[in-house]
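Novice: One letter stands for each residue in the lines below.
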Amino acid sequence: QQPVQSPQAVILREGEDAVINCSSSKALYSVHWYRQKHGEAPVFLMILLKGGEQKGHEKISASFNEKKQQSSLYLTASQLSYSGTYFCGTFRSGTYKYIFGTGTRLKVLA
Amino acid sequence: DAGITQSPRHKVTETGTPVTLRCHQTENHRYMYWYRQDPGHGLRLIHYSYGVKDTDKGEVSDGYSVSRSKTEDFLLTLESATSSQTSVYFCATADGTLQDTTYEQYFGPGTRLTVT
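Protein chains in written order, with this note's numbering: chain Z, 1 to 110; chain A, 1 to 116.
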């Protein structure tokens, strides 16, 4: 079953903040976040590991609560370039099988 | 950026015909994935490969088969295309080990398939 993301969609003005949540019914050992711009392929943003280690390419922060099986992505002072669909994702434990969350559409207006 | 190409980029085919999509990578990544993306369903895993000739099913594998005879190529075949297989198909690659789930996936540009 896919991790569930909330909200499904959000509209912001430039400079506003947003939080995107990812919740799984199964244990999470690591959580990845991807962003997909319209008409393009998904691009990796960051990964969160058990114990709080965080690896990523951009200045976007995130948290990972292993007990609650949840992760949140924090977008602060949003820019027009943040627009797109955000996906969380994870590997099923002990397998190479990957599953993406339901996705969150984010639109930033000038 | 990882060198991942998909061919064809667009295809229109008729119901009942076989279709093969190709994913080619130049990164020597061990793992390769095929996803489909449909409105309201996000990205769903069709099949994946963890090495040459090592493949396994994803969550939406019915009606699809795959083959990987070389590290760089991963083929997705629709044996008899149906209208429900109209979708955008993405290939992705990654490198790492089963014990290390930190590796990111790199995506190809996608193939838009329409089955009429």
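Keep in mind that the hints are not guaranteed to be accurate.
[What the hints assert, rightly or not] Derived DEER-like restraints, expressed as beta-carbon distance ranges:
# : chain 1 : residue 1 : chain 2 : residue 2 : range
1 : A       : S7        : Z       : K107      : 29 to 39 Å
2 : A       : T17       : Z       : A77       : 45 to 55 Å
3 : Z       : S63       : A       : S80       : 40 to 50 Å
4 : Z       : Q54       : A       : T15       : 25 to 35 Å
5 : A       : G51       : Z       : Y29       : 34 to 44 Å
6 : A       : T5        : Z       : V19       : 29 to 39 Å
7 : Z       : T95       : A       : H41       : 37 to 47 Å
[As the list claims (entries may be wrong)] Reference listing, derived: stretches of chain A covered by chain Z, where coverage requires no fewer than 3 residues with Cβ under 8 Å from a Cβ of chain Z:
#  : segment
8  : 40-52
9  : 64-78
10 : 103-109
Just so you know, these hints were derived from the structure itself, not from any lab. Ideal Cβ placement from N, Cα and C applies to all residues, glycine included.
Novice: Run every hint past the structure and note whether it holds.
Specialist: Hints, verified against the model:
1. A:S7 <-> Z:K107: 29 to 39 Å: 32 Å, holds
2. A:T17 <-> Z:A77: 45 to 55 Å: At 50 Å between Cβs, range holds.
3. Z:S63 <-> A:S80: 40 to 50 Å: 46 Å, holds
4. Z:Q54 <-> A:T15: 25 to 35 Å: Violated - the Cβ-Cβ distance for Q54 (chain Z) and T15 (chain A), about 47 Å, lies outside 25 to 35 Å.
5. A:G51 <-> Z:Y29: 34 to 44 Å: 22 Å, violated
6. A:T5 <-> Z:V19: 29 to 39 Å: 36 Å, holds
7. Z:T95 <-> A:H41: 37 to 47 Å: Roughly 21 Å apart at Cβ, these two residues miss the hinted range, so it is violated.
8. 40-52: Holds: 6 residues of the segment 40-52 of chain A have a Cβ under 8 Å from chain Z.
9. 64-78: This one is violated; 0 residues, fewer than the three required, reach chain Z with a Cβ under 8 Å.
10. 103-109: Three-residue rule met by the segment 103-109 of chain A, so holds; n is 6.
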